[in-house]
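These are the residues of each chain, in order.
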Amino acid sequence: MNDFRRMRATAAIVGAAESDELGRLPHKSALALHMEAAANALADAGLAKSDVDAVFCSGRTMANEIPEYLGIRPRFIGGTQIGGCSFLAHVEHAMAAIHAGLCEVALITHGESGHSRVGMPAGRWGDDSPTFQFELPYGTMGPATGYGLMARRHMHRFGTTSEQMAEVAVATRKWASLNPKAMHRDPITVADVLASKVISWPFHLLDCCLVTDGGGAVVVTSAERARDLAKAPVYLLGTGECASHQMPSQMPSFEQWDAAIESGRRAFAMAGLGPADIDVAELYDAFTIVPMLALEALGFCAPGESGAFVSGQRTAPGGDFPMNTNGGGLSYTHTGMYGIFTIIEAVRQLRGECGERQVAGARTALCHGTGGQWSAAATLILANGF
Amino acid sequence: MAEHEYKGPIPKPTPETLPFWEGTRRGKLLLQFCRSCRQHYFYPRPLCRHCLSRDVEWVEASGRGRLHTYVISMRPGRSAPLPPPYIVAIVELDEGPRLMSNLVGVEPDPERLPCDMPVEVVFEAISDEITLPRFRPVPA
Numbered sequence: 000m001n002d003f004r005r006m007r008a009t010a011a012i013v014g015a016a017e018s019d020e021l022g023r024l025p026h027k028s029a030l031a032l033h034m035e036a037a038a039n040a041l042a043d044a045g046l047a048k049s050d051v052d053a054v055f056c057s058g059r060t061m062a063n064e065i066p067e068y069l070g071i072r073p074r075f076i077g078g079t080q081i082g083g084c085s086f087l088a089h090v091e092h093a094m095a096a097i098h099a100g101l102c103e104v105a106l107i108t109h110g111e112s113g114h115s116r117v118g119m120p121a122g123r124w125g126d127d128s129p130t131f132q133f134e135l136p137y138g139t140m141g142p143a144t145g146y147g148l149m150a151r152r153h154m155h156r157f158g159t160t161s162e163q164m165a166e167v168a169v170a171t172r173k174w175a176s177l178n179p180k181a182m183h184r185d186p187i188t189v190a191d192v193l194a195s196k197v198i199s200w201p202f203h204l205l206d207c208c209l210v211t212d213g214g215g216a217v218v219v220t221s222a223e224r225a226r227d228l229a230k231a232p233v234y235l236l237g238t239g240e241c242a243s244h245q246m247p248s249q250m251p252s253f254e255q256w257d258a259a260i261e262s263g264r265r266a267f268a269m270a271g272l273g274p275a276d277i278d279v280a281e282l283y284d285a286f287t288i289v290p291m292l293a294l295e296a297l298g299f300c301a302p303g304e305s306g307a308f309v310s311g312q313r314t315a316p317g318g319d320f321p322m323n324t325n326g327g328g329l330s331y332t333h334t335g336m337y338g339i340f341t342i343i344e345a346v347r348q349l350r351g352e353c354g355e356r357q358v359a360g361a362r363t364a365l366c367h368g369t370g371g372q373w374s375a376a377a378t379l380i381l382a383n384g385f
Numbered sequence: 000m001a002e003h004e005y006k007g008p009i010p011k012p013t014p015e016t017l018p019f020w021e022g023t024r025r026g027k028l029l030l031q032f033c034r035s036c037r038q039h040y041f042y043p044r045p046l047c048r049h050c051l052s053r054d055v056e057w058v059e060a061s062g063r064g065r066l067h068t069y070v071i072s073m074r075p076g077r078s079a080p081l082p083p084p085y086i087v088a089i090v091e092l093d094e095g096p097r098l099m100s101n102l103v104g105v106e107p108d109p110e111r112l113p114c115d116m117p118v119e120v121v122f123e124a125i126s127d128e129i130t131l132p133r134f135r136p137v138p139a
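Protein chains in written order, with numbering that gives the first Met the number 0: chain A, 0 to 385; chain B, 0 to 139.
One chain only, chain B, in its complex shape (with noise of 0.2 Å):
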């Protein structure tokens, strides 16, 4: 659990996303591959996003990949999950896919924060049911 009390959106599953949600709860990373054009993709669907098959799997992702870029924001905002100035990072993991997520476990300073850094995954819970992925930088 995040030391800061969370007072974000807390999102609820549909039935296509609850395998993702039920994943980040026990700590681990889903993805969906498809054995028809061996992708993967991210957000869950389904049916394939790149080639609309049926024959699609979930798959535990390596929970590693790059900070492709980032914002920082500084505007505490009524429910802003963490407190400001934060880093509202878009993924690119190792897989192919990228997300959104926050990057925790560094100073909030764009002369640290390279794009295409290492990083990865860590679970941080904010309900009951729900568990956001976060990524931290990899230790060196």
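Bound-form chain A, shown alone (with noise of 0.2 Å):
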């Protein structure tokens, strides 16, 4: 059997770019979203749409749909749906796809009218599926329920705070403030997140990710080729990815994120790299406690500790430990699956184009989401040399 190490740095992120608005806009459906940002994404790779030869998305009804708007024939398609993280996840799949030889130039790309709620594909759940007769009767609220029950019992199991958890809604909004891009940029407190109204405690209102409207895309190819384009590689030394359930109630575990455990071992094992070889971390944060069990499950610091690791704004810009410096999904924007904008973010800190707030001397990022509820996770370890 083939080591799966062996693709380390084998393959490079060569573009990456948003749709050309994110915000609220009801005048873009969530297709028209997709194809600005793959637009965008290719031309930031100096990459014309006929180089492309495979393309992933998630969260529509079938994955010939995205290659047919954007007039692509592709000889190999991606469809993994696992949630907010499948971007991550088709990151590794292409990855493997081009070192496999079966494609060159991948094309990953996500629109979402989250909130105008545009073009968007009708719901999910049949009356007879799983989830409708075991989990909605009982009043989920989707992800404010299924992550707020792992909030809840770390609370009572680790003797984590509201106020801690308060800390990365703040840090993250500080990093938001110098970020042109990011919807809220105004600066907020500890007491400010406490005051905010409940929505489904232990969750304010101020610690729940944005919902918006926008799209992202980014370009995989091989680290051959990926030489000779328009702006320095971004190398994929690492990836990894895990689903451990869909429903909440199914969790293996409410004191610790298990997909996530899996998911950033093997993407340090690929690396060669551990947590104090990272330089910027982008952690998805629909609610301010999935960073904070990231950090646990990643090694960034022992289980039931993320409450004294982020307190005292150590991840703000300043701080030692640079997190979600675009704002994060809690102020810049939040479309419903907002990994792919965790990879955009990397690849720009890499490579030195994030102005105000970019990481000085940034040579390795980690990206990290989170699919369902903590139900899947994919992780990647970029740099720009190895």
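Treat the hints as calculated values from the structure; they're not laboratory data.
Where is the CB? At the ideal position from N, CA and C, for every residue including glycine.
One should not assume that every hint holds.
[To be verified] Label-pair distances were calculated between CB atoms; the ranges are: (1) S126/B x P120/A: 24 to 30 Å; (2) G317/A x S126/B: 21 to 27 Å; (3) R116/A x E106/B: 44 to 50 Å; (4) L101/A x L46/B: 31 to 37 Å; (5) R37/B x G122/A: 18 to 24 Å; (6) K6/B x P120/A: 22 to 28 Å.
Fit the two chains together into the complex; they arrive one by one in their own frames, and the hints show the way.
Shown next, in the form of structure tokens:
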């Protein structure tokens, strides 16, 4: 059997971009947002549509819909749908397909009208599905319930506090204030978070991500081809993914994020690196607790210690752990499947394109996403050299 | 029947889950037990979710367990099953499996709701066919 670690640095991200606009866009459909992001990412890479031979997308009905809309006839297509981290998994799948010689230039696109709901697929669960039978009748509110259940148990088990969770929202807003594309840029305090309306205790409104419209796309190709393109390659050093459940009631644990432990272990093993080697972290923040549990699962701190880890604004600009430097799903944008935006920001940090929010000398970045409700996880370790 | 008029989702059983819903209608909480690997499991499936054995049987659960974790939902959804604030709870049954439910018969105040507090099942009909298993604190 091949050792998965042999794929280290065989592929690179060569293009990354958002749609023309992010935010509240009732004048654009989800497919239009896909298309804008795809065109912008290809332009960023200096590639033409005709160079693309693989398309990856997620979250719609059939995966053929996106290449048709873009006018592309791929010979490799990926439609993995594991929630908001799907795009990080797509990067791993693209790398593997490129390594196997099945394709050379992979376009990964996302477009979602999460706020305005223009051109969005119909609802997900039939009334005889397990989710409808065994969860929805109890008034589960989707992510605000599933993520909150882990937060409450973590508070019980480890003494994690609402104040510690609020530290994440405050630090992330500081990063957003440095990003012209961020939706919310005014500073907030821990007291503001705790005074905001309770949505699903233990979550206050400011513990919750935004709901926006937007798109994002990245282009992956072989390391060899990457060297001849418009911008410096961002190499894929490590990737990992894992899915542990679908319904929150079926989570293996409510005290740790099992899928993320596995995805992180795989990614670090492929990269041959450890947490101390990472210069900047982009961790999907659907709620403040999510990056905290990622910090534990990925080994940046010990189990139960994420509350202490994020205290004192450690993850804010000027802190010693730059995290969610675009302003995150909490303050920059969150279309519903935010994972693509962790990759876009990591690529920009490693190219030195981030202006005021640039992490000086960043050479390595870690992107990590959640899918469903702690249901799946995917991790990427990126570098601008190797 | 709950005093609150239920406007939430009403599930439709499949052949595999029908015995569970017939059980709750008769006031019994049924689980599946695998005679091969000697473990209970929930939700209902035709083969054991641990070992894929077909040698599985329906058994009546004790109806007792612990409040593993919960959230207090404040937002009145279009189809909220209870008036907010209401408690969405994960109950860990004495037999082992966990399930999603509501905790009822108690103030939704985190100070009075420690994780792992003992709970017991109560049955609340939401339609002629469907009765939900909800849980309440075990009286002291």
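Outcome of the hint check:
Between S126/B and P120/A the Cβ separation comes to about 28 Å, which falls inside the hinted range of 24 to 30 Å. One distance hint, 21 to 27 Å for the beta-carbon pair G317/A and S126/B, is violated here, with the actual separation near 57 Å. Roughly 36 Å separates the CB atoms of R116/A and E106/B, a value that falls outside the hinted 44 to 50 Å. In this structure the supplied range 31 to 37 Å holds for L101/A paired with L46/B, their Cβ-Cβ distance being about 34 Å.
Range check, R37/B to G122/A: Cβ separation about 39 Å, and the 18 to 24 Å hint is violated. Distance hint check for K6/B and P120/A: the Cβ-Cβ separation is about 25 Å, which falls inside the suggested range of 22 to 28 Å.
Consistency note: the structure conflicts with the earlier hints numbered 2, 3 and 5.
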